[in-house]
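Student: Chains as they are written, first to last, in this note's numbering: chain A, 1 to 80; chain B, 1001 to 1752; chain C, 2001 to 2159.
Some hints could be false.
[Unchecked claim] Pairs of lysine-lysine residues, derived as DSBU-like cross-links and limited to a Cα-Cα distance of at most 30 Å, are as follows:
1) B:Lys-1313 / A:Lys-47
2) B:Lys-1161 / B:Lys-1424
3) B:Lys-1309 / B:Lys-1161
4) A:Lys-36 / B:Lys-1431
5) B:Lys-1313 / B:Lys-1432
6) A:Lys-47 / B:Lys-1060
7) B:Lys-1309 / B:Lys-1431
8) B:Lys-1417 / A:Lys-47
9) A:Lys-47 / B:Lys-1169
10) B:Lys-1169 / B:Lys-1054
11) B:Lys-1247 / A:Lys-47
12) B:Lys-1166 / A:Lys-36
13) A:Lys-36 / A:Lys-47
14) B:Lys-1313 / B:Lys-1104
15) B:Lys-1417 / A:Lys-36
16) B:Lys-1161 / B:Lys-1313
17) B:Lys-1309 / B:Lys-1223
18) B:Lys-1617 / B:Lys-1431
19) B:Lys-1313 / B:Lys-1417
20) B:Lys-1504 / B:Lys-1252
21) B:Lys-1161 / B:Lys-1060
22) B:Lys-1060 / C:Lys-2003
23) B:Lys-1104 / B:Lys-1161
24) B:Lys-1313 / B:Lys-1166
25) B:Lys-1617 / B:Lys-1424
26) B:Lys-1166 / B:Lys-1104
27) B:Lys-1617 / B:Lys-1309
28) A:Lys-47 / B:Lys-1166
29) A:Lys-47 / B:Lys-1617
If you are wondering where the hints come from, they were derived from the structure by calculation, not from laboratory data.
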Amino acid sequence: MATVVFPDHLLGCTNGQRQVELLVDNYRELLLALEKQWPGIGEALAKSAVAIDGQIYQDAFLEPVNADSEIFFMARIEGG
Amino acid sequence: MAEAVDYQVLGTRPVRPDGVDKVTGRAQFGADQNLPNMLHGKILRSPHAHARIKRVDLSKALAMDGVCAAVTGADFPTVASGVSIGEAGGDVMDIAHNVMARDKALYHGHAVAAVAATSLEIAEQALDAIDVEYEVLPPVLDVLQAMAPAAPLLDENCFTKNLPEKPDKPSNVASVMALSRGDVEAGFEQADLVVEGEYRIPMAHQGYIEPHACTATVNEEGKATVWCCTQGQFDFRTAIAKILDWKVGDMKVVPSEIGGGFGGKTVVYLEPVAVLLSQRAGRPVKMVMSREEVFRATGPTSGTVCRVKVGAKQNGRITAAKAWLAYESGAFPGAPVGPGAMSIFAPYDLENFLVEGHEVRVNKPKVAAYRAPGAPQSMHAMEVALDDLARQLNMDPLDLRMVNAADEGTQAPYGPKFPAIGFKACIEAAKKHPNYTAPLLEGAGRGVAAGFWFNVGMQSSAEVRLNEDGTVIVMEGNPDIGGSRASMSLMAAETLGVPYEQVKTYVGDTESTGFCNLTGGSRTTFATGMAVVRACEDIIAQCRSRAAATWGVDEEQVEWRDGQAVPAPGVNADVNPLSLADLAAGAPRTGGPILGRASLNAQGAGASFSVNFTDLKVDQETGAVEVLSFTAVQDAGKAIHPAYVEGQMQGGAAQGLGWALNEEYIYDADGVMENAGFLDYRVPVASDLPMIDTEIVEVRNPSHPYGVRGVGETPIVAPLAATANAVRDAIGIRINDLPLSPPRILAALGGE
Amino acid sequence: MSKIHVQTTINGEQVDFLCPPQQSLLEALRETLGMLGTKEGCGTGDCGACSIILNGRLVCSCLMLAAEAQGQEMTTIEGIADADGLHVLQEKFLEHAALQCGICTPGFIVAAKALLDRDPNPDERTIRYWLAGNLCRCTGYDKIVRAVQDAAQQLAYEA
Ligand code: FES
Ligand code: FES
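Make a model of the complete structure from these sequences and hints.
Tutor: Put into structure tokens, the structure is as follows:
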């Protein structure tokens, strides 16, 4: 099961749950599964970046998620 | 850590393609675009820091001879909140209301109306003829004051975001955020030693030498062309179109050469106004800001209050760290507190930490990105606290950082595990550096600090065209602020296997090249570079197939080597290699022009770490600081054009030194900036600085074909604390706040 | 408001133009004469982007009235290179990557030329103090100073 971790400012969307384990094949499925569990979270996640196994994606879409993947949502990073 | 790979041209230092035009005055910058029949536009700005706009009367101005158009906020379409414009500065409604105030002026200098006239003089006289009735409101100027429950409100509709419970009262705190791991209080209990402090840094400006400028023309068909100095023509096009409720396809944005940006030219100010004025007047309109307008109404970066507490064992190992950050966002939300919070502890491997961030609205200009937005302020606090810790532990400050340094596999405070990173390599390089092993001059002080920036990738496109004679054109869409055309040419030449001189890189407008996000976040060499490499690979694939067709062999039987198609080893073909020139000459017969393309959304921009140290002297009589030496060590992944990598490091160091020693927005009680000019907002000049020594560390970024990491942001991060720590070392007194200007140092010296 | 007729010499050529009494020389160069190589960074004499050489003296053209150019001789960035090619300073700026964005470059090259014209062998300190009226926000000055040092050496060698 892939491990999904939420930062503090998203805990409002997950009723305070910081971590969840899910079995999905890719990022799109992951979003669908999370939205099913916590309706409305998708909007907040769309404004976030995500790190899948250490690689940071500003706009993830169909990136593969493995059974042992670690997924972290984080604020988007802009720059000067 | 040296690169094992041997490159032909990468790592050399050729002259940039746009160089000759820039040393002869030929290059066209923002204010250099003139059109026949052109009008001059000017903006009327609020004389109050906080005021309700009761009435704006343009009639007298419009009646003047030579005045062709005038607009106020009411002439702009209503823009709904909720849409954010790419990287260009946040919510579209806020940007629209920053471009032209609607019912409220939120800072001194906020645009209230604009005119276009046949001459600049008439435009300026027309501004005086505009009659505005204000109801003056008390301004909120200080971040802590703005957070107080009784503070006057900038916006009655602003409710703090991300609170666990939806707030029922509006607030100047636009949003809060937090990051945590482990058990901080338990961590502090394990500590042998705890240091803490509160650190304040006022607003500072990017200080690009070229003021914002644009020229817009709208034709009878309703199509607009805008020439402007911008860090991103595509993001500007989106912003202008959204603010004016236009179709993106009806708008063309042509980027001029850009006279510095550092994040400050990621946001539109004049452009939507110029388009609207041109539409009203039926003539082209040029608008150029004065330096005073640049200071009062553009940029700056957040003023901040940061509180940090760090606990450690005797051996230096940090057991817990805690930070509380409050960042001014200016008149509208958009402070970089998120990256500030995510970067503050990024260089270190921490089990227990908590960072709380607050983004606070005040009656000052809306902040814009400034190099590594948010990181210099928060990391200044942490790096100063670590310096105090090292002193109390009697440890070399570099050793203290090494004991706690993040490395490959360390879980970053913002979540993911780091891939290969160069922080430890930077610490080692600094420790061995002759400037570090050299003894300190008598009376001088030395300070050390670390820096970090995430770097970003994002969307880029590139097109590579083979000319009839075998020369190559690279077309891309990222304004060249610091020599990026040269880097693109180098990567293209390396990939194609041809000399640098055979390739020329151009920056296209929104209609001549594919979409690119803006130049910023240290993404250009990384992401657009990746697109250029892929487009060259596309060319190579086509060249191989053309060669195969020419020789009557299979494509797999053709290899690309040293800029030529050659038969693969073992292929029995009695043919001469085909160069790009040969293939270009043969192109009409083998399928037509050869054109390579790539577009991508680049992921995996590797973080860039740095270590800086500086030696300086403090004049006990005047409080003036003399910087004796400054050394910047930074991981570039792979330096494509080392001279421009050094240039980024040196320029960032100079900006950081200015921020640490002199630069600050000074406000009077009414919210009027008192030093809106280069005379009083003192950026470093040549005689303020020594040579800035650089050492480039190269720890390959596995996500880029040549191992590149962005380098432009990180250099400004470490100088703040390095300077503060050196001043502490020199005078024996810790000053928590910046800038360390002569009056502040004198006060500290006198106060002892 | 009647305009003033000004006759002056720019980069060796006789030039005539009309200007309002209050117009700055910088504005006349850029707007009236279309010589856009001289830049405006502040308009108040604080950045040096508008540097020109007037009768051998380095001045900020934004601080001078256009009418004051009457009968004077000036060199602008457009007059630094000649038909034979770039001036050594320009070559050295390119070689040393002494420009990033390039907006300050015309001013620095003009200012450095004025320096080398009067002091062909300046030390680092002299260069830094001479160029202290020119702001560069991109480079940290390191490569600019080196380019000027190198140009001075090259000129001495050629002389
Ligand atoms: S424009 Fe003349 S000194 Fe700045
Ligand atoms: S190169 Fe940009 S200001 Fe000097």
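Student: Does Lys-1504 of chain B pair with Lys-1252 of chain B here, judged by a C-alpha cut-off of 30 Å?
Tutor: Holds. Lys-1504 of chain B to Lys-1252 of chain B sits at ~24 Å (cutoff 30 Å).
Student: Given the hinted pair Lys-1617 of chain B and Lys-1424 of chain B, is their Cα-Cα distance within 30 Å?
Tutor: Holds. Lys-1617 of chain B to Lys-1424 of chain B sits at ~29 Å (cutoff 30 Å).
Student: Given the hint that Lys-1313 of chain B pairs with Lys-1104 of chain B, test it: the Cα-Cα distance must not exceed 30 Å.
Tutor: violated (53 Å)
Student: Given the hinted pair Lys-1417 of chain B and Lys-47 of chain A, is their Cα-Cα distance within 30 Å?
Tutor: holds (21 Å)
Student: Quickly compare the C-alpha distance for Lys-47 of chain A and Lys-1169 of chain B to 30 Å and report which way the hint goes.
Tutor: Distance ~25 Å between Lys-47 of chain A and Lys-1169 of chain B Cα, so the pair holds.
Student: Keeping to a limit of 30 Å between CA atoms, is the pair of Lys-36 of chain A and Lys-47 of chain A held or broken?
Tutor: holds (18 Å)
Student: Given the hint that Lys-1617 of chain B pairs with Lys-1309 of chain B, does the C-alpha gap stay at or below 30 Å?
Tutor: The given pair, whose Cα atoms are some 29 Å apart, holds under the 30 Å limit.
Student: Taking only the CA atoms, is the gap from Lys-1060 of chain B to Lys-2003 of chain C under or equal to 30 Å?
Tutor: At roughly 27 Å apart (the allowed maximum being 30 Å), Lys-2003 of chain C and Lys-1060 of chain B satisfy the hint.
Student: Next pair to validate is Lys-1313 of chain B with Lys-1166 of chain B; report whether the Cα-Cα distance is within 30 Å.
Tutor: Violated: Lys-1313 of chain B and Lys-1166 of chain B sit about 40 Å apart, past 30 Å.
Student: Compare the distance between the alpha carbons of Lys-1417 of chain B and Lys-36 of chain A with 30 Å, and conclude whether the hinted pair is satisfied.
Tutor: holds (28 Å)
Student: Take the C-alpha atoms of Lys-1309 of chain B and Lys-1161 of chain B, compute the straight-line distance between them, and say whether it is at most 30 Å.
Tutor: holds (26 Å)
Student: Decide if the proposed pair is consistent with the structure: Lys-1161 of chain B and Lys-1313 of chain B, CA atoms, cutoff 30 Å inclusive.
Tutor: violated (37 Å)
Hint violations for this structure: numbers 1, 2, 4, 6, 14, 16, 17, 21, 24 and 29, all remaining hints satisfied.
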